[in-house]
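**Q** Letter by letter, the chains look like this.
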Amino acid sequence: MMALLKYELRKTIFAKVAILGATMLAQLAFLIGLALKNTQVLGTSIVILVLLAIGGLSYAGIQSVLVLHRDMNTKQGYMLYMTPHSSYKILGAKMLENGLSLMLLAGVFFALGVLNLELANAHFNTVKIVTSMVNQIIIMIDPKLTMNVSTFLALAFGIVSGWIANLSIAFLASVVSTALFAGRKWNLAAAFVLFILLSIVQSKLSEWIASPEHFVAMQRFLWQAGLMLIFSLINYLVTATLMEKKLSV
Amino acid sequence: MIEANKLVKAYLGKRAVDIDHLQLQNGRVYAMLGPNGSGKTTFMKMAAGLVKPTSGSIYVDGAPVSVSTRSMVAYMPTEGYFYQWMTLSDAGKYYQDFFEDFSYLDYERMLIDLELDVKMKVKTLSSGMTAKSKVAITLARNAQIHMLDEPFNGIDLLARDQIKNLVMQAAGRDKLLLLSSHMVEEMEDIANSAIYMKDGKAVDCVDLKTMRRETGLSMADKYRQIYGAAHQEVAL
Chain G
1 MMALLKYELR
11 KTIFAKVAIL
21 GATMLAQLAF
31 LIGLALKNTQ
41 VLGTSIVILV
51 LLAIGGLSYA
61 GIQSVLVLHR
71 DMNTKQGYML
81 YMTPHSSYKI
91 LGAKMLENGL
101 SLMLLAGVFF
111 ALGVLNLELA
121 NAHFNTVKIV
131 TSMVNQIIIM
141 IDPKLTMNVS
151 TFLALAFGIV
161 SGWIANLSIA
171 FLASVVSTAL
181 FAGRKWNLAA
191 AFVLFILLSI
201 VQSKLSEWIA
211 SPEHFVAMQR
221 FLWQAGLMLI
231 FSLINYLVTA
241 TLMEKKLSV
Chain H
250 MIEANKLVKA
260 YLGKRAVDID
270 HLQLQNGRVY
280 AMLGPNGSGK
290 TTFMKMAAGL
300 VKPTSGSIYV
310 DGAPVSVSTR
320 SMVAYMPTEG
330 YFYQWMTLSD
340 AGKYYQDFFE
350 DFSYLDYERM
360 LIDLELDVKM
370 KVKTLSSGMT
380 AKSKVAITLA
390 RNAQIHMLDE
400 PFNGIDLLAR
410 DQIKNLVMQA
420 AGRDKLLLLS
430 SHMVEEMEDI
440 ANSAIYMKDG
450 KAVDCVDLKT
460 MRRETGLSMA
470 DKYRQIYGAA
480 HQEVAL
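Protein sequences appear in the order of chains G and H. When we follow my numbering, the leftmost residue of the first sequence carries the number 1, and every step to the right adds one. When we follow my numbering, the leftmost residue of the second sequence carries the number 250, and every step to the right adds one.
Certain hints may be false.
To be verified - Subject to a maximum C-alpha distance of 20 Å in a straight line, what follows is the list of computed EDC-like cross-link-like pairs (lysine to aspartate or glutamate):
{"no.": "1", "chain 1": "G", "residue 1": "11", "chain 2": "H", "residue 2": "339"}
{"no.": "2", "chain 1": "G", "residue 1": "246", "chain 2": "H", "residue 2": "339"}
{"no.": "3", "chain 1": "H", "residue 1": "301", "chain 2": "G", "residue 2": "244"}
{"no.": "4", "chain 1": "G", "residue 1": "75", "chain 2": "H", "residue 2": "267"}
{"no.": "5", "chain 1": "G", "residue 1": "75", "chain 2": "H", "residue 2": "328"}
Hints in this document: simulated from the structure, not taken from any laboratory.
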C-alpha cells in the first residue's frame with residue numbers, strides 16, 4: 001500500500017509543489033506589503049492568495065481524476081494494473097493520497113489565512129472593522145451562526161469533505177464510462193454527464209438526510225462533513241468493485 | 250501452467266478470443282503465432298489479469314486469474330508502457346517495489362548487455378531501446394510464467410540475437426514462456442511448441458519436434474499452411 005501511495009504522490013507532486021511554491025511567493029509579497037505598509041502590494045497578494053487557495057484545491061482534486069482516467073485509458077496504466085494489488089487497494093491509494101493532499105493544502109491555506117489576519121490586525125485597525133463586517137454578513141445569512149475559530153475549522157473541514165465526496169463521484173463516473181465505453185472518443189464526455197447526474201443524486205440525498213434541528217452551526221458543519229465522508233466511502237466501494245469485476249485496461 | 254476453458258472475449262459482439270480449450274505446460278517455450286487481430290494479445294492480457302473475459306475461465310497454476318496470480322506472471326505488453334517521467338533506473342525500482350521476484354541486479358546486467366544505460370530517460374528512448382528495456386525488465390523477474398508480446402518488434406538484427414539469448418537463458422525446467430511474434434523464423438530457434446491463432450481461436454497447438462518428425466513441417470511451413478490458404482482465398 002505504501003508503494004502505491006508513493007507512486008500516486010509522484011504522479012501529481014509537480015502540480016502540488018508548484019501550488020505551494022506560488023503560495024509561498026504570494027505570502028512573501030504579503031509580508032513585504034505589510035512591512036512597507038504598501039496597500040497595493042498587500043491587496044494584490046491577498047487576491048492572489050485567495051485565488052491560489054480556491055484554484056489550488058480545485059486543481060489538485062481535478063488532477064487526481066485526470067490521473068485515474070489516464071491510468072485506465074493509456075498504456076501507462078499497465079504499470080499500475082500489472083502489480084499484484086487489488087482494485088480496492090489501487091483506488092484506495094489514489095483516494096487516500098488525494099484526500100490527504102487536499103487536507104494538507106487546505107491546512108496550509110487555513111494556517112496562512114489565520115496568520116495573515118492576525119498580522120494585519122496588528123498593523124491596521126481597519127481590519128477589525130472588516131472582520132466585524134464579515135461577521136455581520138454571516139449573521140444576516142444565518143442568525144444562529146456565530147463564527148469563531150472552531151466553527152470556521154468545522155466549516156473548512158466540511159467544504160474539503162464535500163470536495164472529496166465530489167471527487168469520489170468523479171472517480172466512479174470515470175470508471176463506469178471506461179468500463180462501458182473504453183476506447184471511444186466521447187468516453188470523457190460520457191464520464192462528465194454521468195458525474196453531473198450522480199452529483200445531483202448525492203446532493204438530493206444529502207438534503208434528505210439533514211442534521212437535527214437543535215444542532216449548532218459547528219455541529220451542523222461536522223454532520224455534513226461526516227455525511228460527505230460516508231458518501232465518499234460508499235462511492236469508493238462501488239467504484240473499486242466495478243474496477244475489480246468489469247474494468248479491462 | 251495456463252489453462253483456458255470456453256474462454257471468450259467479445260467487443261461489441263465481435264469475438265476477439267474464442268478458445269474452447271487450451272493448456273500450456275510449464276517447462277516449455279510457446280510461440281503464439283497468427284496475423285494481426287487473431288487474438289494473441291487479448292489472450293495474453295486475459296492471462297495477465299488486465300482484460301476481463303466476457304465468459305469462460307482462465308487459470309494460472311490451477312487458480313483463476315486474479316490479483317494473486319499477477320505475482321506469478323511477468324507480462325510484457327507490446328506497447329511502451331513505462332511512465333514518461335521515469336528513467337530506466339526508476340522503472341527498475343518501481344518493479345522492485347511491487348514484485349518480490351524482481352532482481353534489480355539482473356535487470357542492470359541485462360541493460361548493460363543490451364547496451365542501455367540505467368540513467369536514460371524513458372521519454373528519450375527510441376522504439377528499439379524501449380523494446381529492449383521492456384524485455385530486460387520483464388525477464389529480470391524470476392516468475393513462473395513469462396509472457397512477451399511481440400518482443401522483436403522494432404528491434405534490429407543484432408539486438409534480436411541478444412534478446413533471443415536472454416529469452417533462452419530465462420527458459421527453465423519449471424517455467425513457462427509464451428511469446429507472440431510475426432517473425433516466425435526468429436521464433437523457430439527459441440520455441441519448442443507453437444500455438445496457431447486464427448479469428449480468436451487456437452486452431453492448433455503443436456510440439457515442434459513431434460511435428461517435424463511426423464509431418465516434416467517446420468513452424469513456418471505450418472504457418473504457411475494455415476494462413477497461406479486464407480491469403481490465397483482473399484487474393485482470388
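**Q** So, for every hint listed, does it hold in this structure?
**A** Taking the hints in turn, this is what the structure says about them:
1. 11/G to 339/H: holds (13 Å)
2. 246/G to 339/H: violated (30 Å)
3. 301/H to 244/G: This hinted pair holds, its Cα atoms lying about 9 Å apart.
4. 75/G to 267/H: violated (24 Å)
5. 75/G to 328/H: Holds, at about 7 Å.
In summary, the numbered hints that this structure violates are 2 and 4.
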